[in-house]
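Asks: What follows is each chain in one-letter form.
There are 2 protein chains.
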Amino acid sequence: MRGEIIAIGNELTSGRIPNTTSGFAAHHLFEAGFDIYAMHTIGDTPKLIGEALKRALGRVDFVIVTGGLGPTDDDLTTMAVSKALNRPTMPNLEILSLIRQHLDTNTGQPQDSLEKLAWLPEGAETLSPETRMAGFQLIHDGRPIFFLPGIPHQMRILLVEQVLPRLATWYEGKQLTSSQKVFKSFGKTENEINHAIKNLQLDERVEIGYYPVFPDVHLSMTIRGTSKSETARLARKSSILITDKLGDAIYGSDRDTMESVVGVLLKKNKQTLAVAESCTGGLISQLLTSVAGNSEYYLGSVTSYANSMKTTCLAVEDHLLNQYGAVSKEVALAMAHGIRVKSGADISISVTGIAGPGGGSDEKPVGTVFIALAEKNSTEAQQFLFSGNRYEIQRLTAQTALNSIRNYLTKPKQA
Amino acid sequence: MRGEIIAIGNELTSGRIPNTTSGFAAHHLFEAGFDIYAMHTIGDTPKLIGEALKRALGRVDFVIVTGGLGPTDDDLTTMAVSKALNRPTMPNLEILSLIRQHLDTNTGQPQDSLEKLAWLPEGAETLSPETRMAGFQLIHDGRPIFFLPGIPHQMRILLVEQVLPRLATWYEGKQLTSSQKVFKSFGKTENEINHAIKNLQLDERVEIGYYPVFPDVHLSMTIRGTSKSETARLARKSSILITDKLGDAIYGSDRDTMESVVGVLLKKNKQTLAVAESCTGGLISQLLTSVAGNSEYYLGSVTSYANSMKTTCLAVEDHLLNQYGAVSKEVALAMAHGIRVKSGADISISVTGIAGPGGGSDEKPVGTVFIALAEKNSTEAQQFLFSGNRYEIQRLTAQTALNSIRNYLTKPKQA
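Heads up: the protein sequence lines correspond to chains C and U, in order. When you read off a place in the first sequence, starting at 1, and then add 2, the result is the number in this note's numbering. When you read off a place in the second sequence, starting at 1, and then add 2, the result is the number in this note's numbering.
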């Protein structure tokens with residue numbers, strides 16, 4: 003079973019906005035066992051939209067169209083489709099009623115200009131009107147076509163929650179079963195991982211891909227088999243071989259993130275965490291709090307950019323700052339200790355470093371970072387030298403700090 | 003003058019690797035005055051490669067093909083093109099000699115497997131053989147076709163250094179000059195902005211597009227004229243009309259971000275800033291510190307997830323937390339005051355709210371957020387109700403907080 007993806011928008015063909023939605027769709031469809039025959043990106047040009055859709059319907063089993071569904075004048079997808087497939091538009095009463103219920107927050111009047119959104123091609127079935135996201139499905143010549151908004155986060159939700167289940171039901175039993183698993187590693191290069199896996203003698207139906215997804219390296223394992231049980235058996239066997247080989251370097255798989263893995267470990271160990279940041283500017287805290295339910299184990303952080311914040315909020319003594327400088331092992335240790343005492347957390351982590359582009363010296367070049375971890379009985383610090391631009395140094399620092407917590411929580415405890 | 007871009011590779015159609023090269027090419031071609039009619043991404047399938055190329059040649063002035071030029075078995079572009087355009091491959095002696103000169107670093111033998119790279123379709127002209135990057139040009143039916151490697155950094159170099167100058171020479175005087183500007187707005191919907199701009203009576207050569215780029219709405223203005231001076235004049239005139247109409251809602255243009263705009267204003271006003279976060283978990287701090295040079299005006303932040311952090315690091319009194327709850331106007335005011343005093347900053351901002359998915363109540367549903375701003379003489383708080391998922395509520399809160407600082411810094415000061 004194969005499909006095509008058509009992304010629509012002048013912002014894409016002018017290169018102003020990168021097209022991230024087609025790749026997202028391809029990835030998830032591939033994982034679900036579908037192949038993508040071709041992906042097209044075209045402007046808001048009705049003639050071209052119609053041609054691309056009709057050509058796709060002539061050669062594949064389903065089509066996904068994204069973009070051009072909004073209320074503004076340059077959104078032309080629905081009109082183009084109506085014309086190309088000879089399906090006049092008619093008002094969808096459910097959407098119309100939703101639009102009329104939501105009065106303009108400024109004027110208190112109905113928003114007539116949104117009513118365009120309710121006019122859909124004949125036979126259209128809306129995907130998720132209650133969420134107020136545009137998106138509908140058409141069955142044309144026995145093939146499903148899905149129309150999704152071009153706004154990436156809306157498109158992603160509708161693809162995963164609406165399109166994939168509908169396609170799976172529609173083509174049940176017709177596609178090869180496939181299984182894909184992504185192993186996430188941090189701290190080893192793509193080449194080191196490739197080298198380690200090469201000698202594993204995996205089954206020939208197991209396809210391995212390596213891709214750096216900064217700051218991690220991901221290893222993808224794709225298996226296509228004729229039955230679910232065969233695919234599952236091969237997946238289990240190969241997973242064990244891969245994780246045995248790479249050990250600690252793999253921190254999780256699929257939807258895991260370093261911060262979610264740290265969260266799970268903290269919960270399991272019933273321990274709380276606090277963070278003192280400097281060069282990462284709040285990034286570690288932001289990563290930790292992106293995990294829902296983190297308030298169970300995460301107490302908070304201090305981002306002490308200015309030295310005054312280090313003394314008032316973290317109780318770092320002035321003489322340490324004067325003698326060793328803000329970027330030093332001594333200050334990292336004092337920051338970790340300070341935030342642990344102030345917050346009452348079981349464990350704390352601190353980072354201080356030079357993210358650049360300015361601020362480096364011969365002795366402490368840009369990329370110099372100290373990371374300290376404090377717990378009840380000990381405080382330890384390590385020095386690192388990261389390379390990259392400002393963001394890359396911040397991100398590597400954050401991931402290394404989180405990984406230190408992971409290592410601390412997984413290492414065998416002494417009796 | 004318009005072209006098409008065809009990207010080839012199974013790693014793209016399976017969604018394993020995002021296609022970043024097509025967008026890069028489109029952006030640079032658009033800036034150089036060319037239009038992109040369509041972009042296609044297809045697998046390493048000779049039949050489809052041939053069809054896509056022939057269709058493009060039938061409707062546009064030039065074609066750019068990327069990927070599938072390497073030495074491995076799955077690189078099929080050259081063979082497919084040779085067949086589709088009826089141009090038998092023949093060895094390019096310059097490339098052949100370069101390959102024979104470079105012996106394998108391990109075996110010291112010539113690398114026979116690379117000789118495939120020297121066989122090009124009849125009439126092919128290599129683009130930059132001395133750099134050892136694959137890439138050639140064909141003129142077919144009077145139209146140039148450029149074949150570039152799929153490796154992003156190689157493709158980028160060849161596009162900028164070889165393709166753009168060759169295209170400019172080939173179509174000299176035939177393309178229009180263009181100018182593009184992006185206005186960034188926050189706080190108004192796409193529809194409200196569309197509505198405001200509609201009545202502006204802009205010149206018909208001025209094309210306006212509206213794009214929600216969460217949490218902002220971007221308005222793009224594209225102008226194509228026959229001369230640079232005409233384009234520039236129209237751009238100036240239309241910019242004034244647009245900014246007059248939208249006023250405060252526009253916070254910047256092109257590469258500006260809300261956090262960079264706030265940074266520029268703080269520097270200009272010689273004022274320092276500190277932040278007290280709760281539900282945003284460090285996001286505001288992270289945005290502010292993503293701007294290089296922020297240490298000039300940004301002192302730091304406290305992310306007080308736990309109430310204990312609010313009392314120890316922000317001096318929020320226990321009775322406020324007990325009486326009003328952590329998510330309240332009173333606590334927001336105390337947090338803003340506390341961080342300003344602790345840090346010694348001129349201005350401070352605080353946020354406290356419920357990002358969800360859990361933690362909401364009838365009285366304070368998920369999305370309830372209080373934002374307070376403190377300066378020497380006053381502290382003010384506002385209540386908001388944001389909708390969306392956890393990340394969206396955090397991002398809207400952060401952008402609204404930054405926008406409050408912007409509004410404070412731009413509003414006319416009383417004497």
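Hint data in this document are derived by calculation from the structure and do not stem from the laboratory. Bear in mind that the values here come from a model prediction, so they are computed numbers and not experimental data. Warning: the hint list may mix true and false statements.
Just so you know, same-sequence chains aren't split out, so a pair can sit in one copy or run between any two.
[Stated by the list, open to error] Straight-line alpha carbon distances no greater than 30 angstroms define the calculated DSS-like cross-link-like pairs of lysine-lysine that follow: (1) Lys118 with Lys200; (2) Lys270 with Lys200; (3) Lys200 with Lys85; (4) Lys331 with Lys413; (5) Lys270 with Lys415; (6) Lys56 with Lys85; (7) Lys186 with Lys118; (8) Lys118 with Lys183; (9) Lys247 with Lys269.
Asks: With identical chains treated as interchangeable, where does the CA-CA distance between Lys56 and Lys85 reach 30 angstroms or less: within a copy, between copies, both, or neither?
Replies: So Lys56 and Lys85 pass the 30 angstroms test inside a copy (11 angstroms) and across (26 angstroms) alike.
Asks: Could you figure out if Lys331 and Lys413 sit no more than 30 angstroms apart (CA to CA) within one copy, between two copies, both or neither?
Replies: within (23 angstroms within a copy, 44 angstroms between copies)
Asks: Should Lys118 paired with Lys200 be assigned to within, between, both, or neither, using CA atoms and 30 angstroms as the limit?
Replies: For Lys118 and Lys200, only the inter-copy Cα distance (16 angstroms) is at most 30 angstroms; the intra-copy one is 56 angstroms.
Asks: Evaluate Lys118 and Lys183 at a C-alpha cut-off of 30 angstroms and name the case that applies: within, between, both or neither.
Replies: between (42 angstroms within a copy, 28 angstroms between copies)
Asks: With 30 angstroms as the alpha-carbon cut-off, assign the pair Lys247 and Lys269 to within, between, both or neither.
Replies: So Lys247 and Lys269 pass the 30 angstroms test inside one copy only (27 angstroms; across, 52 angstroms).
Asks: Between Lys200 and Lys85, at a C-alpha cutoff of 30 angstroms, which is it: within one copy, between copies, both, or neither?
Replies: Between. Shortest inter-copy distance 26 angstroms satisfies the 30 angstroms Cα cut-off; intra-copy 51 angstroms does not.
Asks: Within, between, both or neither: how does the pair Lys270, Lys200 come out at a Cα-Cα threshold of 30 angstroms?
Replies: neither (35 angstroms within a copy, 57 angstroms between copies)
Asks: Treating 30 angstroms as the Cα threshold, decide for Lys186 and Lys118: within, between, both or neither.
Replies: Between copies only: 25 angstroms across, 44 angstroms inside.
Asks: Classify it for me, Lys270 with Lys415: is the Cα-Cα distance of at most 30 angstroms met within a copy, between copies, both or neither?
Replies: So Lys270 and Lys415 pass the 30 angstroms test inside one copy only (15 angstroms; across, 53 angstroms).
Comparing the model with each earlier hint shows a violation of hint 2 alone; every other hint is respected.
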